[in-house]
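Colleague: Residue strings, one per chain:
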Amino acid sequence: ILNVEQSPQSLHVQEGDSTNFTCSFPSSNFYALHWYRWETAKSPEALFVMTLNGDEKKKGRISATLNTKEGYSYLYIKGSQPEDSATYLCATHGGGGNKLTFGTGTQLKVEL
Amino acid sequence: DSGVTQTPKHLITATGQRVTLRCSPRSGDLSVYWYQQSLDQGLQFLIQYYNGEERAKGNILERFSAQQFPDLHSELNLSSLELGDSALYFCASSVTGENSPLHFGNGTRLTVT
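Top to bottom, those sequences are chains A and B. Just add 1235 to wherever you are in the first sequence, counting from 1, and you've got my numbering. Just add 160 to wherever you are in the second sequence, counting from 1, and you've got my numbering.
Some hints could be false.
Once the Cα atoms are required to be at most 30 Å apart in a straight line, the calculated DSS-like pairs of lysine-lysine come out as [claimed, not checked]:
no.: 1; chain 1: A; residue 1: Lys-1304; chain 2: A; residue 2: Lys-1292
no.: 2; chain 1: A; residue 1: Lys-1313; chain 2: A; residue 2: Lys-1294
no.: 3; chain 1: B; residue 1: Lys-169; chain 2: A; residue 2: Lys-1313
no.: 4; chain 1: A; residue 1: Lys-1344; chain 2: A; residue 2: Lys-1313
no.: 5; chain 1: A; residue 1: Lys-1344; chain 2: B; residue 2: Lys-169
no.: 6; chain 1: A; residue 1: Lys-1313; chain 2: A; residue 2: Lys-1293
no.: 7; chain 1: A; residue 1: Lys-1292; chain 2: A; residue 2: Lys-1344
no.: 8; chain 1: A; residue 1: Lys-1313; chain 2: A; residue 2: Lys-1292
no.: 9; chain 1: B; residue 1: Lys-169; chain 2: A; residue 2: Lys-1304
no.: 10; chain 1: A; residue 1: Lys-1292; chain 2: A; residue 2: Lys-1277
no.: 11; chain 1: A; residue 1: Lys-1277; chain 2: B; residue 2: Lys-217
no.: 12; chain 1: A; residue 1: Lys-1344; chain 2: A; residue 2: Lys-1293
If you're looking for bench data, these hints aren't it; they were derived computationally from the structure. Fair warning: this is a prediction, and the values are worked out from it, not measured in the lab.
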């Protein structure tokens, strides 16, 4: 993996469904992994910053895990609600530079 | 409200012109980042400053330059503007750098005609 990649690109789920997305990143020279939530017509808002292999973070119904050795992170949303509809971005510092590189995001739409 | 202030909100200018985008970071934040979001593109990293010094540089064009001042506000200067420079430019700040979450401003929408 040379860049930060996110999958799927978009996701439609029903209210109450649980869902998860993947962020893949270069595992060499890893420093930190960020998750952000970006609602339409607003600015990205930070969810989590994780640095340690095996790290797990939780905020309400949203949680994230980190595997730095294989270069991936999962974001989970339990019991999706319409207000969870947003684009979820991950970003990483690493891969031989200080720059914080964002993936293109997973667009989640939660339908009633 | 993230506490990060970007001005102006909107900017319309002609090709060949020069503009300055301004960012005031959240109180206490030392690091400022600039990102560009063009149509149908993700957030492209331009440049990062930490306490007045350049910390990291992305694929920033030579026509673009930035700086962070002693009061920690930052300016992004875009010159010899081209149609392709039309984009949403975000500034974000963080307390330190890599381990701190970014707080984003509302962006400056630049339209080059």
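Colleague: Each hint: holds or not?
Modeller: Each hint, compared with the structure:
no.	hint	verdict
1	A:Lys-1304 to A:Lys-1292	holds (18 Å)
2	A:Lys-1313 to A:Lys-1294	holds (11 Å)
3	B:Lys-169 to A:Lys-1313	violated (36 Å)
4	A:Lys-1344 to A:Lys-1313	holds (14 Å)
5	A:Lys-1344 to B:Lys-169	holds (28 Å)
6	A:Lys-1313 to A:Lys-1293	holds (11 Å)
7	A:Lys-1292 to A:Lys-1344	holds (23 Å)
8	A:Lys-1313 to A:Lys-1292	holds (14 Å)
9	B:Lys-169 to A:Lys-1304	violated (41 Å)
10	A:Lys-1292 to A:Lys-1277	holds (24 Å)
11	A:Lys-1277 to B:Lys-217	holds (25 Å)
12	A:Lys-1344 to A:Lys-1293	holds (21 Å)
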